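Please arrange chains B, C, D, E and F on chain A, whose structure you already have, making use of the hints.
Protein chains: 6
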Amino acid sequence: MNKPSCVWLDELSTQEAAKAAADGTVVIFPVGSVEEHGAHLPLCTDSIQSEYIAVEVAKKTGCLLAPAFRHGICNAGHNFPGTISIEFDTLFMVARDVLSELVRNGFCRIIVLTGHAGSSHMTALKLAAQEIIRRKTSDAARKPRIMVLSDYDFADELSEQLGFPKGDGHAGAIETSRVMAIRPDLIKGKGEKCFPNLPRFEVVSDPERYFPCGVMGDPTAASKDKGKAMNEYIVEQVAHLVEELKKD
Amino acid sequence: MNKPSCVWLDELSTQEAAKAAADGTVVIFPVGSVEEHGAHLPLCTDSIQSEYIAVEVAKKTGCLLAPAFRHGICNAGHNFPGTISIEFDTLFMVARDVLSELVRNGFCRIIVLTGHAGSSHMTALKLAAQEIIRRKTSDAARKPRIMVLSDYDFADELSEQLGFPKGDGHAGAIETSRVMAIRPDLIKGKGEKCFPNLPRFEVVSDPERYFPCGVMGDPTAASKDKGKAMNEYIVEQVAHLVEELKKD
Amino acid sequence: MNKPSCVWLDELSTQEAAKAAADGTVVIFPVGSVEEHGAHLPLCTDSIQSEYIAVEVAKKTGCLLAPAFRHGICNAGHNFPGTISIEFDTLFMVARDVLSELVRNGFCRIIVLTGHAGSSHMTALKLAAQEIIRRKTSDAARKPRIMVLSDYDFADELSEQLGFPKGDGHAGAIETSRVMAIRPDLIKGKGEKCFPNLPRFEVVSDPERYFPCGVMGDPTAASKDKGKAMNEYIVEQVAHLVEELKKD
Amino acid sequence: MNKPSCVWLDELSTQEAAKAAADGTVVIFPVGSVEEHGAHLPLCTDSIQSEYIAVEVAKKTGCLLAPAFRHGICNAGHNFPGTISIEFDTLFMVARDVLSELVRNGFCRIIVLTGHAGSSHMTALKLAAQEIIRRKTSDAARKPRIMVLSDYDFADELSEQLGFPKGDGHAGAIETSRVMAIRPDLIKGKGEKCFPNLPRFEVVSDPERYFPCGVMGDPTAASKDKGKAMNEYIVEQVAHLVEELKKD
Amino acid sequence: MNKPSCVWLDELSTQEAAKAAADGTVVIFPVGSVEEHGAHLPLCTDSIQSEYIAVEVAKKTGCLLAPAFRHGICNAGHNFPGTISIEFDTLFMVARDVLSELVRNGFCRIIVLTGHAGSSHMTALKLAAQEIIRRKTSDAARKPRIMVLSDYDFADELSEQLGFPKGDGHAGAIETSRVMAIRPDLIKGKGEKCFPNLPRFEVVSDPERYFPCGVMGDPTAASKDKGKAMNEYIVEQVAHLVEELKKD
Amino acid sequence: MNKPSCVWLDELSTQEAAKAAADGTVVIFPVGSVEEHGAHLPLCTDSIQSEYIAVEVAKKTGCLLAPAFRHGICNAGHNFPGTISIEFDTLFMVARDVLSELVRNGFCRIIVLTGHAGSSHMTALKLAAQEIIRRKTSDAARKPRIMVLSDYDFADELSEQLGFPKGDGHAGAIETSRVMAIRPDLIKGKGEKCFPNLPRFEVVSDPERYFPCGVMGDPTAASKDKGKAMNEYIVEQVAHLVEELKKD
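Protein chains in written order, with our numbering: chain A, 21 to 268; chain B, 21 to 268; chain C, 21 to 268; chain D, 21 to 268; chain E, 21 to 268; chain F, 21 to 268.
Just chain A, same shape as in the assembly (with noise of 0.2 Å):
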């Protein structure tokens, strides 16, 4: 295995990741959504997100990919043409069982990645994890490290260093500029502002009412260069993470 751009885990051999596991390799598990964002953006955007920090990454630090699952719980998005949202029981088995999966590999240092970040969406990884490390293990074994985030965890963080107005959300100057800076073919427009007044505590079967143009933000404050950082950013906090899981 000494082709550094072999970042996919499925692209390797059986003997390739059998080596792989016993050398306590990393692997990240991309998942995004198939979402409406906006009239500007395509519905793979938060996949693509997860995925180009998740590549960037992995050419970093030698860590490998799962095969990314880009179907997610679309809340807010629900009921825009062109979303494809999973039940939530179906998002946790998916993940538990790449993560069993990957387990009974070898594979004991896991990063679940994703684009998409509801919270329903992130309670599905997150017990799926939880089922996963609360399993027995022989004493033989070597126990299981399963960190779940989102890329937009570390997003947040840098968003008004950059710049980016408050309040921005779902398709707004954070996501466009994302997506200018890793797939400008993939911008279909300038995008409509609109910050939503979403009802604050009741759970509502039309979010769309709300925002019916799909944004929750400016995307017209986007702009590639800002883009660009905030993915080298998260790229580097990523990296951490995983040198972190290499130590231990």
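Read the hints as simulated data drawn from the structure, not as lab findings.
Treat the hints with caution; some may be incorrect.
The list cannot tell twin chains apart, which means a pair is met if one copy fits it or any two copies do.
Claimed, not checked - List of simulated lysine-lysine pairs, BS3-like, C-alpha gap at most 25 Å:
| hint | residue 1 | residue 2 |
| --- | --- | --- |
| 1 | 267 | 80 |
| 2 | 248 | 210 |
| 3 | 39 | 213 |
This structure is a prediction, so every number in the text was calculated from the model and none was measured.
For chains B, C, D, E and F alone, kept in the frame of chain A given last:
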């Protein structure tokens, strides 16, 4: 959406997706697996075959591709290093959710195209399609039509004509040839010939015992040209199915 | 237990069952269906075939029969009058529970013999067997061995030799012949010839549209003698499997 | 369908079944168990009693019998050799599917008659019936009516009059007498008298500790004539229920 | 924990709970229902009876009470205004989780005491106890003991002696008397006498049709003194069970 | 129903409940947990806070309270003595059933108010509400509106103004202050200050390792007066929500 190269549904914006659905665009949902395929082929062997076919068919027919799902139910290869096998219910639920959401979006002509073709795997996909097909729909709604097939349903038709060995199967001459034509960079050697006698009826927990090299067939008989011919034939056949679905 | 005619496990007393298990007796679990089989055959056509085979094999080999389960998953015949189709999960759970309890009793050599052979039906039975086989057992315990097959796995082998029509299937010449030999009193007429073109890949909600008479084959070509020959052949083959299981 | 001996629904053809449903024929679904019944009775003791009653009622009233389900939930007899106890959900699902399909077929007057009468077992059957009964039906459809009972609901009524011992129960005088009248060939001895004190409220994992002989009652007090009288009484009572269902 | 008035487990601190578990303290888990009880009794009638008994037993014996669960499975009262009936699986899971966690905490002597006593409701509680009891435990661990009962198991014993009407049941003389003694402020009138003929075997979707007043018995025959006597008797009996569990 | 003190829905009779539903009465469903809260607070800390708020809001606004559910999903406190943590599915099902039955009763304006606010716990409650909200209803039926919130959604708003320490959380100054104001008799000491560094992303099986005293914050900074002020503020805020729901 006049970019002919945009074949992936999730690279569209929400508005573009709405238009594509209104236009009656056929959607292919490619499914694969992460499964050992001998020492000479990558774990993604099943995935890249169905995805390649799907992309070529999309280019040819103007249909769209739902994001690929690269995990499958692996029985024979279950215990080999690198295999990530998911539960029956997990595959069923992913397929059911994706099909359900495509239909909700108005994409009512769908082909599930899987590169992995184990019987449990196929059953899970077919039962998911069945659940969607059997759902009561309002009279006004367009009744969905869903096909479920493996590219190997067609590959087997041409096998003899192209001179492939009899009994060739998993990681054998055909798969190796096809991967040689699709992703030559992922070929890791010549492979080992093996025509195993798996138990005909017994359900065993250690099928790897019967083909420790992970091959069922003769990969040394592979040829890139034959793989190309095979791929072209399958593209043509699946394209026919898309045209059939377009008609009604 | 010197009554050779006692082939049904549940006609034993608890003590007799304990002894049979301790003796390593093989158990066959016959499964059938309640499904339309044209105007000339009864709904229990699948059930009586596998049960007949099982009884004859038991007489020949001394194995025992778990009480038959006469319900199956019927896809093609799903909507015909008289069909009682059960859910995938239901069949899976019945088979899992029965196998699990047989193994708990010490019956560790089991054949699931089904007269119905649809792919969902077979998959449910195989997955149930797989769950039992994969269970961790203590080192002292005898590891269970389970075979899952349809009597039609053998019937098809002899079909050409006995001169049955090509493409003969559901309620066709073979099934009719076999029922003529087993329960002639249940033959209700000559039946109607029909070689339907069911959709090759499409999962449809109204398969009956393609064979309204409920037949796939030519029941008019049936013969009691051929049915008898076929049954005898299958008994012989299944008896071989029992002997194989007895050995180890 | 002028063969009066044809009492089993699945011995009909699809057309005959359609006619029977259109005629409003009542269907009995016999349920049993595979459970230890002392040294003197077979494991199928519960099954053969309910099936015998069902057959006799069918002969008398012209109702039909769905194929019997011979597996039940066994709590007290759970750990004895020979017992095959299924899970609560399994029994529920089998009953739900069978009832659902009977109703789909137009068989809307149904009696579930179980020879095993444990409280979990009865609850599973009743909940299944409840699910079917509560389903929304179109206005045009005939509303289903379902009864769930054990033949022991009636047996207990006559017990004192026939002079059976007080507190007689599982594998005791009544069961033994009834089996003597139904299948004398399956009587394996006189049985052992035992009136155990099972814990009144405690849920225990080893109930067999309290009645190691597997009997609760006095089988030595059994008599074929009394069994016959009991069976006749129950046949009469269940026949009344069928007549009641026929009326409306 | 020298406050004798502290009978509720969840009023303890974590340290106090640890000590109570180490001391082998018995825990009662009171379960009730929200179900119509005629015009004269509150919906919480079942809940306050079992909770009252539990509190008095705790004062008397030093056992502790897990927080009460006030929702049950209501079949007969299902469709009345005010009833909140939960699904079978829901009650099972709540009971299983609470019992499982109590045992994890070291509380291994538990009584589930329910004021509602419908057969589905009781079965759900017993199956939950059974699951916990049957779990494999390490040899060192104390094997849990769990009792499941209704206060009406004892109430019925004393009914005749106290002169309550025969056939008295739901919202009748006994329940009314007991509530008069426990929470006289919740008595809303004298109630209406009704001895309904519910179908003996038929599972109906509208049981309220048979007792539109919501009463099965004669609440006008209620007396606070009798209620008090009844309550005291039940407290005494349940206290005996606690003492029995303390011993071993 | 002119007894203003009757705030609990299940203290009503069936007729009173019918009237309250017809009057459009808002219902609050209080949810809590049984979770360690340091050495100084009881396990019911979460429960008594939400129940206190709910009772006060009911007194103020005339809304009703469904019986409280005192069990929650506890991740951080999972392994401490005394914690009774339930499964995700269990909480979901309880909330779904209770909400479903409230809506069936005609109570279509509901607030789920939880004192425990972990993310899995909140997600389970929100998904339950979502399932009810998304259900198809007949046109005539009143569409339900459901809010899901924690009293801590409001507590955090006032925290700084009342001078509570930054980063105060579980069993810290705010919770301690509030319990001092609600149930001073349950305060068991001053508590221990602890601002733990829990892993930011890693899902761990032993979170207690990071805060062995069970506290996240500074309970020694608690004050009954501040707790009272906090409680009053939350009551006011939740009362506003009730009024908002009353309007439409």
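So, going through the hints one by one against the coordinates:
no., hint, result
1, 267 with 80, "within (16 Å within a copy, 50 Å between copies)"
2, 248 with 210, "within (18 Å within a copy, 42 Å between copies)"
3, 39 with 213, "between (50 Å within a copy, 23 Å between copies)"
Checked against the numbered hints given earlier, this structure breaks none of them.
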